[in-house]
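Q: Residue numbering for the sequence shown follows my numbering, beginning at -3 and increasing consecutively.
One or more of the hints may lead you astray.
[Claimed, not checked] Ranges between beta-carbon positions, derived for each pair: (1) Ala1 with Gly22: 26 to 36 Å; (2) Val9 with Val44: 13 to 23 Å; (3) Leu47 with Gly19: 34 to 44 Å.
It is worth saying that the hints were derived from the structure and are not from the lab.
Yeah, the Cβ is synthetic: ideal placement off N, Cα and C, and Gly gets one too.
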Amino acid sequence: MGIGAQLIGTIGVCIFIGLWLDGQLGTNPWITILLSLIGVVGGLWVSVKDLL
-3 MGIGAQLIGT IGVCIFIGLW LDGQLGTNPW ITILLSLIGV VGGLWVSVKD LL
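Take the sequences, apply the hints, and build the full model.
A: Here it is as structure tokens:
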């Protein structure tokens, strides 16, 4: 359960930051898309690292 929460937390934080930045810069939805992809890759990286 800890790894799943870590993965969801990483993605959620990246999406939240992306939404905030898009609102500030008026770039909807590009920064959110970019940061969500970075969050998925980063979350999977940390999850796999923890499993090994």
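Q: All the hints need checking, so say for each whether the structure fits it.
A: These are the hints, each one checked on the structure:
1. Ala1 with Gly22: 26 to 36 Å: Given range 26 to 36 Å: holds, Cβ gap about 33 Å.
2. Val9 with Val44: 13 to 23 Å: holds, 19 Å
3. Leu47 with Gly19: 34 to 44 Å: With Cβ atoms ~36 Å apart, the hint holds.
Every hint, counting from the list given before, is met by this structure.
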